[in-house]
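Enquirer: Listed below, chain by chain, are the residues.
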Amino acid sequence: MTGFRIEKGGLINRDTKLNFTFDGKAFTGHNGDTLASALIANGVHLMGRSFKYHRPRGVISAGSSEPNALVELRENGRKEANTRATMVELYDGLMAKSQNRWPSLQHDILAINSLASSIFVAGFYYKTFMWPKSFWEKIYEPLIRKAAGLGTASREADPDTYEKSYAHCDVLVIGSGPAGLMAALTAGRAGVRVILADEGSALGGSLLFENEEIAGQSGYDWAQGILAELASLPNVTLMPRSTIFGWFDGNIFGALERVNDHVAVPAPFEPRQRYWRIHANRAVLAAGAEERPLVFGGNDVPGVMLASAMRHYANRFAAAAGKSIVVFTNNSSAARTVTDMQKHGVNVSAVIDTRKGERILAVKGGKQVVAVNGTPCDAVAMSGGWSPIVNLMCHRGAKPIWNEGIAGFTPPDVGPEFTAIGSAAGHMLLSECLAGGVRAGTVKGRTEAAPQCRDEAFAIQPFWWVKESVGKAFIDYQNDATAKDLPLATREGYGHVELAKRYTTTGMATDQGKLGNVNAIAILAEASGKTIAEMGTTTFRPFYTPVSFGAFTGPFTGHHFQPVRKTPLHDWCVEQGAVFVESGLWMRSAWFPQAGEDWLAAATREVKATRSGVGLCDVSTLGKIDIQGKDAGLFLDHLYCNTFSTLSIGKARYGIMLREDGIAFDDGTTSRLAEDHFVMTTTTANAARVMSHIEFCHQVHWPELDVQYVSVTEQWAQMAIAGPKARATLQKLVDNLQLSDETMPYLAARDVTILGDVTARLFRISFSGEHAYELAVPADYGNAVARSIMQAGAEFNIAPYGVEALSIMRIEKGHVAGGELNGTTTAGDLGLGKMMSTKKDYIGRAMSMRAGLADPARQCVVGIKPVDRSMKIRSGGHLLKQGDAPSLQADQGYICSVAWSPMLDMWLGLALLSNGRARIGEIVKVFDGLRGHHYLAEICDPVHFDPKNERLHA
Amino acid sequence: MLRTSPLARVINPGRFGAGKGVPGVTLSVVHPITMSMVIARKDQAKKMERVLARLRKGDVHWAGPDQYYVINAPYTDLKQKLEGLASVSDQSHGRVMFRIAGAKARAVLAKGTPVDVHEDVFPIGKSALTQMAHVSVHLTRTGENDFTLSLFRGFSESFWEWLTSQSAEFGYQVS
Amino acid sequence: MLIPCPHCGTRPVEEFTFLGDATPTRPATPDDPKWYSYVYERDNPRGRFDEFVHHSGGCRAWLVVSRDTKTHAVFSALTAADFKRKQKP
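Residue numbers (the numbering used here), protein chains in the order written: chain A, 1 to 954; chain B, 1 to 175; chain C, 1 to 89.
Incorrect hints may appear among the rest.
Calculated cross-link-like contacts (lysine-lysine; reagent style DSS-like; alpha-carbon spacing at most 25 Å) [as the list claims (entries may be wrong)]:
1) B:81 x B:47
2) A:399 x A:530
3) A:651 x B:79
4) A:472 x A:367
5) A:630 x A:651
6) B:42 x A:630
7) A:608 x A:840
8) B:57 x B:126
9) A:872 x A:925
10) B:57 x B:79
11) C:34 x A:839
12) A:25 x A:138
13) A:472 x A:484
14) A:323 x A:364
15) A:79 x A:25
16) B:47 x A:630
17) C:70 x A:630
18) B:81 x B:57
19) A:840 x C:34
20) A:323 x A:17
21) A:865 x A:881
22) A:651 x A:948
23) B:42 x C:84
24) A:630 x B:79
25) C:84 x A:840
26) B:46 x C:84
27) A:948 x A:925
28) B:57 x B:46
29) C:86 x B:46
30) C:86 x B:42
31) B:104 x A:164
32) B:46 x A:630
33) B:81 x A:630
34) C:84 x A:399
35) B:42 x A:840
Residues of chain B clear of chain C, computed beta-carbon distances all greater than 10 Å [claimed, not checked]:
36) 15
37) 16
38) 17
39) 64
40) 74
Simulated from the structure, these hints should not be mistaken for laboratory data.
Positions of the beta carbon are idealized from the N, C-alpha and C atoms, including for glycine.
Please model the complete structure; the sequences and the hints are all you need to start from.
Expert: Quick look at the structure:
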């Protein structure tokens, strides 16, 4: 043996040489190594410091349960904290750093905590940092956080991508050891869709490192043969590097595939990780069993590790944990370690078996084991028995069952959709594992014969804690919970397994108690005079192992956080220099600045251009719903508080919809195109909600009506053409109609042909208060039509206007919008109470008649303007009677919407005011607590501009 | 007037993504399309379906209970043929249709939809209404490894960005 | 959670929007004293629960899904119309 690399054997490729650094020091390893195995092969045992005492720690396990060897991997945006060295596949150029130490792993000043450990008992933080209370946030917590932390997150953006994907299968097999392989093979040969997933970098499970004999071959060779066949079956998907992390309702499993964690930088176009949702008709848990540590003083000195991990490193990675070892066990399985290590030329200086009354009483060594019970050695292999990996089967609330025979918790029966086999089910014989695999993989009688194999009997006498040993005996390595903490928790009244967990932090580290929990439960049970079965386990929850935020987010970050919705006139808006605003998912043109203009200057110019000539606005985002059918009119009567069945063909009508509780829900114009055909418009914000509401009202309340509906929002590019020159502009495009008050009166709606061959819908409706039209054209023509309108209006100085100008004009006109239709107002509050029909049943009718909703003292919409006409007002200010101090009792209402009015040359707004309509002309006090000022304002009619609507009908 | 696709500026024909050989998927925008939503009038579903089955021109795709998208049949003809049997609504401009074809088409779709599109359970001609990348889509299998997807026009550019990014690892051809 | 949509087949819960108890019936006349209860009063049962669920990310049908609020087991999913028909007798 050169150093600690065993000369022959193992699944490493000795022809490769991979350079890597650990804490800046250069090492080499081989393809097939993990970071942990490469460090062991280089004689490095010290890999981390513990959380509380900063004790030197070495690797304990060879798998995902590793609590000690947590390292920071990579640098800059790719830095990842708390990766388990046991799961990190070595690659050339890998950079790893130890964590939770200062100034270095070798010399950690905070290890002094260990000397003062008598005060750092369980509950120490709770007891000590209580007083004074004000110290907690500013002094105690920052100090504690500095001393006790696991790694640091990168502050740079992660340059890699993450993905999500769905998968479906008949049989999901979790774990690729002998049981899982047999299950996958049986189901695969039966022809059903199989997914075989394993968290390891290579498939094969324990057969990658245990010496077994199956079908006359080595277990490894047998596994390779099976895997080759599985890979050739088109109905089988193999997923190595994929951890099934959770079991969810509907037999859905979450999986994290580490697609490119084994290389420095992912291959081009490939994600780093992929988050899978696997829908499985049936799943098989073949996750194996986890070996438990034994609890004795010094069981955390680097060099002490699980017996199975020691032979894992030796057999699979050709890395010897030591030159002279001691084996400590309470069961038969550690005998494999003795045989295997001796075969590799490692001296086994003592086997200490609790079943013979033997104990480890003293471990000598600081950063590496030096001797055990006085016998010199440099590593200790321990085996405290095996815990079936039941986690996934308990994710939906079922509790595992204590099995005395194997001294472990076995999975509960959760039904035929999810069954356990192999050692995950507590079957400790290889033949049982293979037979279980055949059973679980059998589909409709299509089965296989389990191969012959060599069995090794398993025997255990539980042994939980060498109380008489010297030094701290750790239960939870990462969190430094010791065996003594558990009786203490019991004495102090926290003996319930869930309380003890919180009190001692046992099982709360990144390994979530995979190694320590059963030992903890046994010691707790003893301390409280209960059996282990009575004590039970803490709750198992997803995630089995940590999942990165990147994987949860997938590709939906930054610009792709949510989909972007663009209107059919988007290109035209861009050409016109629009500044866009996000409105829900939509990008709406907010204003169209010219050189030197800010938003207000631009919007002011747009309003003036529209009110003096003509303006063009993209209103495509308004919801448009095609409503057809014999009963379409009747149906609309149910939806709106006003009546639509009487609407003439070719006419539009403004409507208000209420919620069933009587509060206003949405508004818009709906036009009748034919006897059995309407087109409804909704507000942009409520378009989707109104569609769902329509579907509910029809399917649930009035299914007898003959009515059909579909969203046509996106079918039409819709433009408002407003202003005294709107008609003249439009006339240049319209081919088949002389526009006049006779052919196209206010609230007319009709088809027209424009620009030769485009069939468009023309509506004479107005939100701006001007003589205005809305023109709807099929969306593919939108940009071209908008450009034509701009040309046609050029002689009238046509201006595109955005939602800011739109909003100014509607406030000038007192038209309600989102600020007033805010989920608290009735139609009456909005000044539209007369629209509420008394002759028909409609949504919200009954509840709108409640006294409270008809109370004249309710806040209703009024206009408001500052007494000092030069003042800027803001929405949100509360209204008070002059002389009243601000209080909830004195509150009279608030300002909903404000705008700078270019036409009236002042700020004005709309407000909700108690009994407002009777208070026109009153001077009120506006209290704006948010901005810390108050001022006087005059209550006025909400229609600030053109109160007689002369412009509308001009 | 000539119809302009909302993706006219966005679509760039060529070979993109990983590798240089046969692309895993071929992506294209089907434009212009003629597409109507057809919904049966009350108690007329059976009669409507008989008329749809006899259509000489047009592909009929299931699009919900008693609802179909009819592709490549002019709206006015359809409206006339289904008078009294169905409500017809023109969606030719309102929806954008993509074609996704190739050996990796299913793998790309699986990154978006929870619908199982395996050939055994999603035969040629089957349609599904589902969501992909937070957008509602209508998905149809049109061939061995061929699928079409249609969705609201306004999302098409955003969706295209997602679709191409998810296809990149397999290599994709835009045609 | 998976919901067996009668139109689309089994789909994950993310495609659906929940509205609440499906058992109260909308009173027929505006002066019915049951209006307040219909609009505002809801039980929050532990166990079997019939709930309005909209397949908003699919066929857009309003369904009544019967499920166990404790175990999340889904017993059935009917269209709202079928549920009403079953509810009547």
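Enquirer: Each hint needs a verdict: does it hold in this structure or not?
Expert: We went through each hint and held it up to the structure:
no. : hint          : in the structure
1   : B:81 x B:47   : holds, 11 Å
2   : A:399 x A:530 : holds, 18 Å
3   : A:651 x B:79  : holds, 22 Å
4   : A:472 x A:367 : holds, 15 Å
5   : A:630 x A:651 : holds, 18 Å
6   : B:42 x A:630  : holds, 9 Å
7   : A:608 x A:840 : violated, 43 Å
8   : B:57 x B:126  : holds, 19 Å
9   : A:872 x A:925 : holds, 15 Å
10  : B:57 x B:79   : holds, 14 Å
11  : C:34 x A:839  : holds, 21 Å
12  : A:25 x A:138  : violated, 38 Å
13  : A:472 x A:484 : holds, 8 Å
14  : A:323 x A:364 : holds, 16 Å
15  : A:79 x A:25   : holds, 18 Å
16  : B:47 x A:630  : holds, 17 Å
17  : C:70 x A:630  : violated, 44 Å
18  : B:81 x B:57   : holds, 12 Å
19  : A:840 x C:34  : holds, 19 Å
20  : A:323 x A:17  : holds, 24 Å
21  : A:865 x A:881 : holds, 15 Å
22  : A:651 x A:948 : holds, 22 Å
23  : B:42 x C:84   : holds, 18 Å
24  : A:630 x B:79  : holds, 15 Å
25  : C:84 x A:840  : holds, 23 Å
26  : B:46 x C:84   : holds, 23 Å
27  : A:948 x A:925 : violated, 29 Å
28  : B:57 x B:46   : holds, 19 Å
29  : C:86 x B:46   : holds, 24 Å
30  : C:86 x B:42   : holds, 20 Å
31  : B:104 x A:164 : holds, 16 Å
32  : B:46 x A:630  : holds, 18 Å
33  : B:81 x A:630  : holds, 17 Å
34  : C:84 x A:399  : violated, 39 Å
35  : B:42 x A:840  : holds, 23 Å
36  : 15            : holds, 33 Å
37  : 16            : holds, 29 Å
38  : 17            : holds, 28 Å
39  : 64            : violated, 4 Å
40  : 74            : holds, 26 Å
Hint check: violations occur at hints 7, 12, 17, 27, 34 and 39; the rest are consistent with the structure.
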